[in-house]
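**Q** Sequence:
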Amino acid sequence: MIQIKNKLHLLPFFLISCLGLLFVINNNQVMAMNNSINEEIQEISETEENEEITTNIMSIQQFCAIHEIGHAVVAYELSQRHGTNLINLIKIELIQDNKNIVDGTTEFVFDKEDPFGNLFALSGFYGGLEAEKTIKISIENFKNRGNHDEQDIERIVQYIIEKRWFLENFYSSTDSLETRKGKIKDIAQQKTQEIIQQYEKFLSPLADELLQKQNITKREFEDLLEKLINKKNNSPKNTQIKEINQSKYNIKNSKCNCFIL
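In terms of the UniProt record's numbering, the sequence shown opens at residue 1 and continues consecutively.
Hints are computed from structural coordinates only; laboratory data are not their basis.
Incorrect hints may appear among the rest.
[What the hints assert, rightly or not] In silico DSSO-like cross-links for lysine-lysine, where the CA-CA straight-line distance does not exceed 27 Å:
id	residue 1	residue 2
1	K231	K201
2	K227	K213
3	K133	K181
4	K231	K91
5	K112	K91
6	K191	K163
7	K191	K133
8	K183	K112
9	K133	K91
10	K201	K232
11	K185	K133
12	K181	K163
13	K112	K201
14	K191	K201
15	K232	K213
16	K136	K185
17	K91	K232
18	K231	K133
19	K191	K232
20	K185	K213
21	K112	K185
22	K136	K231
23	K181	K191
24	K191	K112
25	K227	K136
26	K227	K201
27	K185	K91
28	K201	K185
29	K133	K183
30	K227	K191
31	K191	K91
32	K112	K181
33	K136	K213
[Unchecked claim] Label-pair ranges, simulated between beta-carbon atoms:
id	residue 1	residue 2	range
34	K136	K163	36 to 42 Å
35	N215	Q193	23 to 29 Å
36	N215	Q190	27 to 33 Å
37	E168	D208	44 to 50 Å
38	E113	K133	28 to 34 Å
39	D103	E220	18 to 24 Å
40	K112	T174	23 to 29 Å
Think of the CB as a built atom: it goes at the ideal place given N, C-alpha and C, for glycine as much as any other residue.
Could you build all of it, start to finish, from the sequences and the hints given here?
**A** This is the structure we're talking about:
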């Protein structure tokens, strides 16, 4: 009888010990579950962060393609507005060597003896630089972008001033050389900005096509543009793009040779 009482006396301690053990086990399970959830959350966060970084990375090829399409849309639009005898798009190319240097070329012709032919060519050379400004992610890592454009811009501006074209219209005879250059550049660049804004929604799709094909002729460019315009307008009808026969009089072959490192 005494032994039974002693055992009953120990029973509460036994129950308390069991409850304590169950609490410890349950607590460890909860902690393990929390750790697992935290690890999953961290993995999801890292994945999202990596996806965001990947999304915000632009390849050299993509950058160069958008730059060249910028030249192309300006030259093309000006030819549609003012005639291919003044400026005319020929083709666009991307070439990459084994050192990962991308050479982009947009070829167009313009009337070298016409004031507006030179002014339109000037706007064409600004096309690549202005197209870059539509890129929403950082492009600071790309070196030597547009160096050839700047050289061509300086050359044409100097030629316009030497010919005294647009004197008293765009600049005054009392203006300094640098002031004259600045005024001519501003007028050409403003026209470029207007055209780039008009074509902004088409720059990336056209650049994707250039990346795929590496070489686009004017006819292919027109066909691609028609498809994009029709898609935007949700119209089954083909957009008619006016064509004017190219004049062979006084034309100068010009290329944007943009090396991107």
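**Q** Of the numbered hints stated previously, which ones are contradicted by the structure, given in increasing order?
**A** Hints 13, 20 not satisfied by this model.
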